[in-house]
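Peer 1: Quick note, the sequences are listed as chains A and B, same order.
Residues 1 to 433 (my numbering) are what the first sequence spells out, left to right.
Residues 434 to 866 (my numbering) are what the second sequence spells out, left to right.
Do not take every clue at face value.
[What the hints assert, rightly or not] Heads up, simulated DSBU-like pairs for lysine-lysine below, C-alpha to C-alpha not over 30 Å straight-line:
#	chain 1	residue 1	chain 2	residue 2
1	A	Lys236	B	Lys659
2	A	Lys140	B	Lys667
3	B	Lys506	A	Lys40
4	A	Lys128	B	Lys491
5	A	Lys140	B	Lys659
6	A	Lys40	B	Lys669
7	B	Lys784	B	Lys700
8	B	Lys667	A	Lys85
9	B	Lys506	B	Lys561
10	B	Lys717	B	Lys561
11	B	Lys738	B	Lys792
Since the hints were derived computationally from the structure, they do not count as laboratory data.
2 protein chains.
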Amino acid sequence: MILESKKQIINFVNEYKKTLKVKINKSKFSNLKSWEVSDKNIRHSSGGFFSIIGLDVKTNYGNVFHWQQPIIKQNEIGILGFISKIIEDKRYFLVQCKTEPGNINFVQLSPTVQATKSNYFQKHGGIKPHYLDFFLDVNKKVLVDQIQSEQGARFYKKRNRNIVVEVYEEIKLKNNFFWTSLESLVDCLQIDNLVNMDTRTVLSSLLFIDKKLTYNPSPDFGFATKQLLHWMVKLKCNYELDTNEMPLKTLDSWVFSENQIKHISEKYFKVIPVQVLIEGREVKEWCQPMIESAQSGLCAFIIKKINNKYHFLVQGKVECGNLDVIEMAPTVQCLTGEYKGIKSEMLPFLKYVLNSKNKIIDNFQSEEGGRFFREENRNVIVQANEDEAFELPENYIWVTLSQLSFLITFNNIVNVQARNLVSYFVTKEDVYG
Amino acid sequence: MILESKKQIINFVNEYKKTLKVKINKSKFSNLKSWEVSDKNIRHSSGGFFSIIGLDVKTNYGNVFHWQQPIIKQNEIGILGFISKIIEDKRYFLVQCKTEPGNINFVQLSPTVQATKSNYFQKHGGIKPHYLDFFLDVNKKVLVDQIQSEQGARFYKKRNRNIVVEVYEEIKLKNNFFWTSLESLVDCLQIDNLVNMDTRTVLSSLLFIDKKLTYNPSPDFGFATKQLLHWMVKLKCNYELDTNEMPLKTLDSWVFSENQIKHISEKYFKVIPVQVLIEGREVKEWCQPMIESAQSGLCAFIIKKINNKYHFLVQGKVECGNLDVIEMAPTVQCLTGEYKGIKSEMLPFLKYVLNSKNKIIDNFQSEEGGRFFREENRNVIVQANEDEAFELPENYIWVTLSQLSFLITFNNIVNVQARNLVSYFVTKEDVYG
Numbered sequence: 001m002i003l004e005s006k007k008q009i010i011n012f013v014n015e016y017k018k019t020l021k022v023k024i025n026k027s028k029f030s031n032l033k034s035w036e037v038s039d040k041n042i043r044h045s046s047g048g049f050f051s052i053i054g055l056d057v058k059t060n061y062g063n064v065f066h067w068q069q070p071i072i073k074q075n076e077i078g079i080l081g082f083i084s085k086i087i088e089d090k091r092y093f094l095v096q097c098k099t100e101p102g103n104i105n106f107v108q109l110s111p112t113v114q115a116t117k118s119n120y121f122q123k124h125g126g127i128k129p130h131y132l133d134f135f136l137d138v139n140k141k142v143l144v145d146q147i148q149s150e151q152g153a154r155f156y157k158k159r160n161r162n163i164v165v166e167v168y169e170e171i172k173l174k175n176n177f178f179w180t181s182l183e184s185l186v187d188c189l190q191i192d193n194l195v196n197m198d199t200r201t202v203l204s205s206l207l208f209i210d211k212k213l214t215y216n217p218s219p220d221f222g223f224a225t226k227q228l229l230h231w232m233v234k235l236k237c238n239y240e241l242d243t244n245e246m247p248l249k250t251l252d253s254w255v256f257s258e259n260q261i262k263h264i265s266e267k268y269f270k271v272i273p274v275q276v277l278i279e280g281r282e283v284k285e286w287c288q289p290m291i292e293s294a295q296s297g298l299c300a301f302i303i304k305k306i307n308n309k310y311h312f313l314v315q316g317k318v319e320c321g322n323l324d325v326i327e328m329a330p331t332v333q334c335l336t337g338e339y340k341g342i343k344s345e346m347l348p349f350l351k352y353v354l355n356s357k358n359k360i361i362d363n364f365q366s367e368e369g370g371r372f373f374r375e376e377n378r379n380v381i382v383q384a385n386e387d388e389a390f391e392l393p394e395n396y397i398w399v400t401l402s403q404l405s406f407l408i409t410f411n412n413i414v415n416v417q418a419r420n421l422v423s424y425f426v427t428k429e430d431v432y433g
Numbered sequence: 434m435i436l437e438s439k440k441q442i443i444n445f446v447n448e449y450k451k452t453l454k455v456k457i458n459k460s461k462f463s464n465l466k467s468w469e470v471s472d473k474n475i476r477h478s479s480g481g482f483f484s485i486i487g488l489d490v491k492t493n494y495g496n497v498f499h500w501q502q503p504i505i506k507q508n509e510i511g512i513l514g515f516i517s518k519i520i521e522d523k524r525y526f527l528v529q530c531k532t533e534p535g536n537i538n539f540v541q542l543s544p545t546v547q548a549t550k551s552n553y554f555q556k557h558g559g560i561k562p563h564y565l566d567f568f569l570d571v572n573k574k575v576l577v578d579q580i581q582s583e584q585g586a587r588f589y590k591k592r593n594r595n596i597v598v599e600v601y602e603e604i605k606l607k608n609n610f611f612w613t614s615l616e617s618l619v620d621c622l623q624i625d626n627l628v629n630m631d632t633r634t635v636l637s638s639l640l641f642i643d644k645k646l647t648y649n650p651s652p653d654f655g656f657a658t659k660q661l662l663h664w665m666v667k668l669k670c671n672y673e674l675d676t677n678e679m680p681l682k683t684l685d686s687w688v689f690s691e692n693q694i695k696h697i698s699e700k701y702f703k704v705i706p707v708q709v710l711i712e713g714r715e716v717k718e719w720c721q722p723m724i725e726s727a728q729s730g731l732c733a734f735i736i737k738k739i740n741n742k743y744h745f746l747v748q749g750k751v752e753c754g755n756l757d758v759i760e761m762a763p764t765v766q767c768l769t770g771e772y773k774g775i776k777s778e779m780l781p782f783l784k785y786v787l788n789s790k791n792k793i794i795d796n797f798q799s800e801e802g803g804r805f806f807r808e809e810n811r812n813v814i815v816q817a818n819e820d821e822a823f824e825l826p827e828n829y830i831w832v833t834l835s836q837l838s839f840l841i842t843f844n845n846i847v848n849v850q851a852r853n854l855v856s857y858f859v860t861k862e863d864v865y866g
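With the rest of the complex left out, here is chain A:
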């Protein structure tokens, strides 16, 4: 099945949803079958999957220098993989309609495969993910293969492998899979909460696909990249991040009850136990802890033409789960606190973004539905006029899309929120510059 437009895709998703019955109930920790809840952590009894641990964080970045919080720990590098195929001279990607407990609307568009090693080895029951073998086959042609970070405020050094393999053979499609083009997939980003986070991060790696672009599209690219790396080195040396795992139960300012772990201020997020029942062709039933955000957040880039090339205003941001102190983040990234009530001077460019009349992108997009309970964040791209001047704090810098795209090929440089916003531009050659 090839779907050639956003409209066809929406119809397909709606038809597929009719075949499903989904029940997601908040529960009690004591009802979390196959999970062990102790003073130390919440872990799956297989030892695999993921766990919720306590983290003590010290930093000289931002306004709070010491805090403690629950965080998701998942040592395994999972696979987020698309199968791609040229059909009648056009490139298509195999998309999965995936049902996840945290998804707004239950079903969202996902990569062909989302799988952790625990999934491959069926550690927590269930069947082996469809099409997984295409990604384990070393003889397949690999178009993209990158390790990428996940949300640094919620995951402790978690990463996924973003991978795209090209196939030539016929593939028999399961009822919740379809082929579509990059253009149609990017079109779907215009619909709130339709394209899941894992798809968006893989999309961001496809900027080079089928283009004659190399690592060196302009004569000053090498020099500019060196300047960018110098800027990152300075920030990594100036900002300190000291994190230590600690028992979940002794976290300062977090309160435990039988149905949630929450911050005493009611801010940030809760850890909640959830019971899941998904009835379709297969019946799946399980329990797991999830993260429920206290509010909807905001991720925004300001972009601007400089010397006739689009530049993205990037910030170097410390997040407690970062592998290497800082990553490049959007101009405004406000997920863990309430941006609507915040004093705008606390967050550079927040007021500018909210007040801008030139929002070229403005959607709600979902966080990963396997861990986050109905979390959506506003994704905004604001275009500034060429003659607007901005005064940049030391941890902000203008970066072209081709540089971002280049840096995405290295792991742990561009964070997931920035990559997700970049995914809007994957087919926009005029912005690429």
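Use these hints to put chain B onto chain A, whose structure you have.
Peer 2: Relative to the frame of chain A, chain B by itself:
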């Protein structure tokens, strides 16, 4: 003072040594003034400097899947900095004759500044390092600025900032400093244990200096780099590394006495307490723990012309202190075990390297004298014939010098042993290709 040859440099070092009196004595842990030795760790009473901690290591790499060991922890990113200056159209670097307790021959050639943040703030006494301010001045022209890893088997995620700044003004030289050229400095690598490790790592970043090379010296460079990154991603996904800090005193198989911490097998290394007295223009006296290796090791690259370009045979190596699972290491890196007695089939290419009649480099070079007690390792480059075929294990790959040089600009990709061997080639444009 400008020294224009290896001979002049050796004379200068010898004259300087005559002005010094150095006494290094092994001592008892209870005599380590300003250090706190507890069951948990050995730490400086200022909380800064460095500490010796215990580490539990689990991995699926290599032949040993679980072990425990002492390791050096130092969260601060130190500065290894050279001042550079063009004098009469020629580029010079300001070299320090530095006396360190672990140095073979006491005095070795060091960067202009070697300093940790504890040094800047004089946490453990002493005076502020000379010329440090040149590196803290944001208005200086920066030629190189890279964060680089240290020995992954001995340091827990330790990194230094490798930085070169260019000056235009006159600089008054202290009696143990001199200017020299890159060529003379590289010549000094031919002398055993003269150029210290910190100098060698900064040298490795200078391949681009004053050359018209960009990130894209050949048309297939981008493609080859993408292939290299794909190879690294595969290794990072296949190899697991799970490290956890633990109390030093409960380390399995390590024995404590009042004058050392050693492995029951007498292999690997010891932690020893050392008393230091250095009398020159200033008198410095202090105590510290050091690492004493049980044997001299071997670091070797096999290089070979492929398609008329020199390639280096690189291995992806897991070391317990690595920030990101694997880094690119020399073809043979055998520091922690005894390579002379080892069965050669246990270590790929060891026999080839030892038996080769075409060793174009063969020197002893020192590890960092501030932490390692008289540790020298044999540094070898073996050139293979163009028609020699090698069968490569999955974690080995041929890489050009320009690719290595490019990857060195990113942190935690090329390990310190590989960078140190690369430093031999910093002036060899024919090898650069």
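Peer 1: Quick one: which hint numbers does this structure break? Sort them smallest to largest.
Peer 2: none
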